[in-house]
Amino acid sequence: AHLYNAAEEQETTVNAKPADLSGYTRVRQKLVAPPFAPEHEQVATGGPKIVEIALETEERLLVVDEDNGGEIWALTYNGSVPGPLIIVHEGDMVELTLRNPASSMLEHNIDFHASTGALGGGGLTHVFPGEEVVLRWKATKPGCFTYHCAPGGDMIPYHVTHGMNGAIMVLPRDGLKDKDGNPLRYDRIAYFGEQDFYLPKDENGDYRTYEYAGDDYADSLDAMRTLIPTHLVFNGSVGALTGDNAIKAKVGETVLMVHNQANRDSRPHLIGGHGSYVWESSFTDPPMRNMETWFVRGGSAVAAMYTFEQPGVYAYVNHNLIEGIMLGAAAHIKVEGTWDNALMEQVVAPHSFET
Amino acid sequence: AHLYNAAEEQETTVNAKPADLSGYTRVRQKLVAPPFAPEHEQVATGGPKIVEIALETEERLLVVDEDNGGEIWALTYNGSVPGPLIIVHEGDMVELTLRNPASSMLEHNIDFHASTGALGGGGLTHVFPGEEVVLRWKATKPGCFTYHCAPGGDMIPYHVTHGMNGAIMVLPRDGLKDKDGNPLRYDRIAYFGEQDFYLPKDENGDYRTYEYAGDDYADSLDAMRTLIPTHLVFNGSVGALTGDNAIKAKVGETVLMVHNQANRDSRPHLIGGHGSYVWESSFTDPPMRNMETWFVRGGSAVAAMYTFEQPGVYAYVNHNLIEGIMLGAAAHIKVEGTWDNALMEQVVAPHSFET
Amino acid sequence: AHLYNAAEEQETTVNAKPADLSGYTRVRQKLVAPPFAPEHEQVATGGPKIVEIALETEERLLVVDEDNGGEIWALTYNGSVPGPLIIVHEGDMVELTLRNPASSMLEHNIDFHASTGALGGGGLTHVFPGEEVVLRWKATKPGCFTYHCAPGGDMIPYHVTHGMNGAIMVLPRDGLKDKDGNPLRYDRIAYFGEQDFYLPKDENGDYRTYEYAGDDYADSLDAMRTLIPTHLVFNGSVGALTGDNAIKAKVGETVLMVHNQANRDSRPHLIGGHGSYVWESSFTDPPMRNMETWFVRGGSAVAAMYTFEQPGVYAYVNHNLIEGIMLGAAAHIKVEGTWDNALMEQVVAPHSFET
Ligand SMILES: [Cu+2]
Ligand SMILES: [Cu+2]
Ligand SMILES: [Cu+2]
Ligand SMILES: [Cu+2]
Ligand SMILES: [Cu+2]
Ligand SMILES: [Cu+2]
Ligand SMILES: [Mg+2]
Ligand SMILES: [Mg+2]
Ligand SMILES: [Mg+2]
Ligand SMILES: [Mg+2]
Ligand SMILES: [Mg+2]
Ligand SMILES: [Mg+2]
Ligand SMILES: [Mg+2]
Ligand SMILES: [Mg+2]
Ligand SMILES: [Mg+2]
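Chains as they are written, first to last, in our numbering: chain A, 1 to 355; chain E, 356 to 710; chain H, 711 to 1065.
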């Protein structure tokens, strides 16, 4: 009862003046599944927009790690973990329709870190199964921001650690810039949602299975209280972005890596590459430069930019290597192009030596 | 014996020249209990001061979570967890009288991260029950800084994780500024001490109770070695700053949130608001801007500034939501004022839809 | 099979143009054991260099904590944990000969975070016992960077958490600078490798012993999966840099503290001093100022500069004090000189007071 409970803290918004929406044009953003980004302009053309977004909550059984039997009744936005990446510009309005299908077991809502007031919208968007709500808010601060479900009390970490989170990127109207104001442009976005799962085990150490979403609630809280995830994955499951599912790029291309971690600190690293420009705070601040490993404060989304200089397979990992390699937070970026011996050369291949 | 032991490492300070105290005026700072701040000037008037501070160690039984029986023989400065916020200006001297009452069970001292030499004063301030000491040091670096007890060896983490820590804010003489040198002023300070407790449990999983301060020493070290706190709280107990104990503010007011975490990393987030200006390092550096979630390097105090734009209840949390919601690191800020639909509006309230 | 496996991802480097090495002069860097730094120029004289480096892998039984029986078959570069500090300038080439003696049990390689392509060189440097390889790469980004073994799959965190990591510092050709471009020079370097060990225990809670390197593989993975280290140490063992092994300095001297943590976040703090200039990201960014505690993103090396103002013993610790004091991440810096009462003075020594 002492604890923060979003559901109890709704705002009194009666008697407020109506918003003046003249000057805004209305567009609809077609969301796509991660690791991809919706079509968007890097530099905004025209005036501010009302960007219509549709999210539907979906509770689905997700195999987290097919090798060890880990599965979870994931709570999602639009069926993916993370939820889809939303992209708008500073000064735009986001107009979200949030729908919870009648087939759901649970109540959901949404808290946008990018927004202002009402618990980030969490206090105004509670939808029970069969309900929908429409929320409009202004993107006043440029940066990458987490959004997540926050239905109240212990349900908040429960929903967030069951996959119910994603990111919105609020670009400056004139696009990204370096510290001197020079434009920074990218060829593609790679959107990584890092998810910490805390899967309950039985007395034999095997992962428990459950019949319906929500059935794992009490067991999950016990597992969460250890603060030690059983799995840490990109895009919902171990290997979701490796091998045949690798992200693709070419030498000379610039990739903006957007990383969302809604709950737990992370430290992304691009094996073989760098974070040439890294925005850990917001796009208001100049990017940090030439980082080997950057930081995601748990409950944040960040962006890092890199231009590939060599071909090959890069691994994008949480560089606590136990977390990245053993718990699953690793993705691949496969880069085509011509090798540059001026940057690196195997001068003498491995061979036996006389001792 | 290998390990760092503050008690063994006292400085040889004999033969040192006396300090020249001409030009300083002497004032006494009346400390107040958290989450409040002592009366102070944001911009210093007059020359440097010797600011007299009185701290008394107090060992007291503290109920950490009345719902689950968690209690601890807290070790405190002036009876509160965290210890009181001290505020001075760069160039001032802090003159501390540290008193340990005869009724205490334990030796205490104090290490000021803001100070220079003698283990932050820890080597010069060991007081046994019934003793007092006077230490004077110059605040040469502007910023928020942790202070804490550090009696030596494993007693250091033991005292720190029993509540014996707080913060001092060393303001620039001309006050806080943005990166361009424009003044930044606040209407109030909210001072959050986040405490990680590691409460020992018995074989049934119930929290153990102890008769005297210090009796939990061996059990506590075992619990601490897991690195997993049983409780993470603001101002000493779960719910100490929520509900009726919420901090109060008004739309248009600017609040400086000072966050102390003497031991363990934290990632503060203001649900529904932002860190518009965040000083993670010191006041020498320009503040970071528009952060959704900022970072407290374990063993640090930081400051974040926000001007409220909407009424309602905001939750200030450690945004590892397991830590913030389930372990207790959540506070409320209750903001009065008029809702602004231009920033956020519930366009259509939750309602059933046809499927 | 889903997981990132460096060994499977070698680059196709055939058909690449030969590198143009005209204009480089060739030097050999004599590496030294930590906590010391190799001879080097702070400001580069002459043009870019090819810096020849020799590393030999060594698997050796290491006593981590003589007090509690903790020992490990450490995997090392040149026998020390961390591996030796390498120092070059931006624009230099590093030409590494990596040799794995025939007596080894395991395959090794090396991933330089400072390099570009081929998994940081990891894909081009796999050496089995009895093999050697030569890799050359260009240091294009200034900063402190981790290097580490990354033989593939779970062997990556296994080798890294068995000590197989170190740091390279890539200095700007014209040396370190403050934000205004003023030179920053140091009198000495203190090189700290913080190592998280996860030592397996038997059913009695005693540390297990093993006959050969690699024998602890399965047990170690189980221990690592808890994410809770049993030991956190500087330079390979508890107390390796304390007491008689303390680093030495003088009042007025400036020390550059280089901290490598290849796997796990850390938060260094100099008890009694500060990080006056801290480079958490790279030397491309201006240093952060006057930090009480700074941050090492797990999988990073950072640098912090401090000019000592007071004599005495300083402790350099990971300021999660459980980790720093109880798990072992503490070192001493012993500073000689004259005490300055203007900075700190014990005005009244501890004494009994009337109650
Ligand atoms: Cu939900
Ligand atoms: Cu949140
Ligand atoms: Cu104490
Ligand atoms: Cu400290
Ligand atoms: Cu190796
Ligand atoms: Cu690495
Ligand atoms: Mg705002
Ligand atoms: Mg962000
Ligand atoms: Mg595996
Ligand atoms: Mg100083
Ligand atoms: Mg601070
Ligand atoms: Mg509870
Ligand atoms: Mg490069
Ligand atoms: Mg680095
Ligand atoms: Mg010990």
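Derived from the structure by calculation, the hints contain no laboratory data.
Built from N, CA and C at the ideal position, the CB exists for glycine as well.
Where hints are given, some of them may not hold.
Claimed, not checked - Only pairs whose alpha carbons sit at most 20 angstroms apart, straight line, appear in this in silico SDA-like list of lysine to any residue:
hint	chain 1	residue 1	chain 2	residue 2
1	E	K404	E	Y379
2	H	K727	A	N341
3	E	K404	H	K727
As the list claims (entries may be wrong) - A few chain A positions that, by computed beta-carbon distances, are all more than 10 angstroms from chain E:
hint	residue
4	V133
5	I228
6	D340
Say whether it holds or is violated: D340(A) keeps its Cβ farther than 10 angstroms from all Cβ of chain E. Given a closest Cβ separation of 36 angstroms, the condition holds.
Just checking, V133(A) versus chain E, shortest CB gap more than 10 angstroms? The claim is violated: V133(A) sits with its nearest Cβ about 4 angstroms from chain E, within 10 angstroms.
Next pair to validate is K404(E) with Y379(E); report whether the Cα-Cα distance is within 20 angstroms. The given pair, whose Cα atoms are some 5 angstroms apart, holds under the 20 angstroms limit.
Within 20 angstroms, alpha carbon to alpha carbon, are K727(H) and N341(A)? Holds. K727(H) to N341(A) sits at ~7 angstroms (cutoff 20 angstroms).
Outside-interface status for I228(A) - nearest CB in chain E farther than 10 angstroms: violated, 8 angstroms
Agreement of K404(E) and K727(H) with the hint, judged by alpha carbon distance not exceeding 20 angstroms: violated, 68 angstroms
Comparing the model with each earlier hint shows violations of hints 3, 4 and 5; every other hint is respected.
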